[in-house]
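**Student:** Using the sequences plus the hints, can you model the full thing?
2 protein chains.
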Amino acid sequence: MTENKALILAKTPTGYPIPGEDLLIKSSTIDLNAAPPEGGLILKTHYLSYDPYQRGKMKPPNAGSYSQPYPLDTPVINAGILRVISSSSPRFKTNDIVIGYVAFSEYQIVDAERAAKSADQGGFDVLSNPFGLDEKLFLGALGMSGLTAYSSLYEVGKPAKGETLFVSAASGAVGQIVGQLAKREGMKVIGSVGSEAKRKYIVEELGFDGAFNYKSEKPAEGLKRVLGEIGAKGVDVYYDNVGGEQLDAALGLMNDRGRVVSCGSVSQTSLKPEDAYGVKNMPLVVGKRLTIRGFIVYDPDMGPKYTEEHQKNMQKWIKDGEITVKMSVTEGIENSAEGLVGMLKGENFGKAVLKVSDL
Amino acid sequence: MTENKALILAKTPTGYPIPGEDLLIKSSTIDLNAAPPEGGLILKTHYLSYDPYQRGKMKPPNAGSYSQPYPLDTPVINAGILRVISSSSPRFKTNDIVIGYVAFSEYQIVDAERAAKSADQGGFDVLSNPFGLDEKLFLGALGMSGLTAYSSLYEVGKPAKGETLFVSAASGAVGQIVGQLAKREGMKVIGSVGSEAKRKYIVEELGFDGAFNYKSEKPAEGLKRVLGEIGAKGVDVYYDNVGGEQLDAALGLMNDRGRVVSCGSVSQTSLKPEDAYGVKNMPLVVGKRLTIRGFIVYDPDMGPKYTEEHQKNMQKWIKDGEITVKMSVTEGIENSAEGLVGMLKGENFGKAVLKVSDL
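Chains A and B, in that order, give the protein sequences.
Counting from 1, one number per residue, gives the positions in the first sequence under the UniProt record's numbering.
Counting from 1, one number per residue, gives the positions in the second sequence under the UniProt record's numbering.
Bear in mind the hints are in silico, worked out from the structure with no lab data behind them.
Some clues are possibly wrong.
Claimed, not checked - Below, in silico cross-link-like pairs of lysine to aspartate or glutamate (DMTMM-like), each with a Cα-Cα straight-line distance of 20 angstroms or less:
1) Lys57(A) - Glu204(B)
2) Lys272(B) - Asp299(B)
3) Lys158(A) - Glu155(B)
4) Lys158(B) - Glu155(A)
5) Lys280(B) - Glu274(A)
6) Lys326(B) - Glu155(B)
7) Lys158(A) - Glu204(B)
8) Lys218(B) - Glu274(A)
9) Lys59(A) - Asp275(A)
10) Lys200(A) - Glu221(A)
11) Lys218(A) - Glu274(B)
12) Lys5(A) - Glu113(A)
**Tutor:** Structural data, given as structure tokens:
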């Protein structure tokens with residue numbers, strides 16, 4: 001028998017989840033030499049994705065989140081890259097590298113019904129990786145966060161050459177892609193980040209035109225300063241990953257007919273209701289004719305509409321070095337809770353993933 | 001010589017304008033028997049329109065309003081219904097009833113250049129009124145506020161049968177039209193108002209499904225209560241005339257894929273910046289996939305796109321009694337400042353106009 005550790009949601013957190021209290025590592029055993037279920041699979045987990053939406057799934061049912069919460073006392077779930085150890089399914093053979101939404105555990109036993117489904121239906125797909133790119137990219141730039149950035153930037157942001165885009169959480173999984181796509185479209189790009197190292201990275205490595213650190217400068221002041229430095233009148237597209245004070249700052253500095261792509265509000269999701277930030281610049285939406293639009297990557301006119309285009313272009317652009325991807329890897333299921341909370345707090349630098357085992 | 005009184009902006013107001021201080025009546029004289037300017041007109045003013053956007057024009061230049069402010073020590077300007085006393089223009093003859101943007105004064109002297117222009121270019125048009133409707137309707141349901149309601153409801157709100165619309169300032173110039181149009185489209189309609197008389201009016205006279213008085217009930221509670229009473233899950237379209245706390249309440253109770261038509265924020269426009277209301281429910285924009293869109297009736301895809309359709313349909317619907325219009329008339333240029341401030345404070349009941357003289 002082999003030990004099979006998993007990350008369990010033990011309690012509904014109130015603020016940031018607390019490792020050892022809300023999130024626990026639990027161990028069970030698995031017989032890797034046993035036959036897989038009839039028509040099913042046994043999988044070994046290599047990489048798991050950390051994404052901000054997971055905080056929304058740690059809320060009580062009907063708390064207003066857009067998807068069902070994780071049940072208590074069960075493992076946290078997200079996209080993963082796995083290897084087929086044994087297969088009784090005609091769709092897979094031993095050593096296939098697959099992608100799918102799975103429990104945060106070292107191994108997975110998959111029944112026939114699930115093994116028959118594609119990844120977007122809750123099952124698995126063999127990874128389609130013609131250029132032999134690093135597999136964990138398929139959890140980031142080539143996965144949900146990349147598709148999120150790609151679809152919403154084009155569908156809502158409507159990038160236009162010469163215009164100015166501001167993106168918050170700019171070194172994060174979505175932000176780094178949004179900014180690089182906007183640069184490719186000939187936009188001026190400003191990013192906000194939470195550390196000096198990240199600020200340097202997005203300017204020096206990713207070629208953003210300007211950046212500020214929201215922890216060392218008030219967002220309204222930092223954004224205004226950088227706009228002046230790069231000779232931009234205001235913001236045409238604000239790609240909002242954080243909400244709160246940075247949204248307010250952006251609204252105050254938008255150009256007429258600006259677009260706000262509301263992707264997330266990670267600055268607000270772990271706050272108690274009474275601590276929520278009140279956005280004061282909403283009256284400017286009228287006179288400036290702003291559009292603010294929220295979306296989820298699974299909406300039909302978002303991710304599904306852009307899936308093929310995103311895979312084709314992004315694989316090529318990464319291979320050609322046109323798009324650079326930074327990932328932040330937490331090692332070992334033992335450290336998975338800390339990695340998850342660190343991502344929620346913005347401590348990761350680049351797309352956050354958990355490495356469960358060597359691939 | 002005849003006395004010609006006018007309403008003058010004497011000072012930039014800080015909160016609500018103060019009659020006798022910020023807004024003054026000034027008198028001059030005019031010779032009504034003199035010939036009009038070569039190619040020009042002399043006009044007598046009958047009705048003038050009061051609209052919330054006028055508060056934005058009492059701000060200092062570059063204060064972020066979307067149009068140029070009124071210069072100090074000159075008359076306030078807005079749309080009016082006037083009679084031609086004498087004409088040297090081929091476009092007009094004596095006793096024509098015309099519409100155009102004019103000074104708040106009893107008489108107007110118009111030069112040739114301006115007399116040659118249409119109303120939407122700063123000049124005048126002879127009123128096109130085939131059904132002989134009350135002329136002051138052309139300042140309301142058949143004028144800018146009606147076109148505002150019509151164009152934005154269809155362009156942004158996208159009314160759909162069976163869905164629920166909530167409109168604030170529901171007995172006002174725009175709100176009463178929005179609500180009745182939505183009823184025509186088969187929507188459930190909820191309105192908020194600032195008095196019991198207005199609440200009764202929109203339910204009993206206009207046929208709204210439900211209403212609450214935001215002065216006697218917290219908007220979040222009132223809206224929730226009325227939604228329950230009419231058996232609606234939430235709000236699909238929020239038509240926002242007021243911003244602030246009611247916007248926050250609506251966001252909290254929107255259905256997925258809801259639309260917010262941002263028409264105005266009259267609750268906020270006369271506040272000092274430090275008193276501005278902070279909207280706390282903005283994070284819900286993401287998960288609910290909301291769209292919030294601001295507009296100005298003059299935007300090409302708004303008023304201009306719908307002008308013909310609006311005139312044709314609305315004239316017919318008013319003639320046929322399908323759309324009811326309530327107007328709030330202040331009498332006499334002497335009382336024009338009080339009428340303007342009353343409108344800004346929501347004291348009017350229906351579309352606010354100033355009657356300067358009998359037509």
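**Student:** Hint by hint, which ones does the structure fall short of?
**Tutor:** Result: hints 1, 2, 6, 7 and 12 break, sorted rising.
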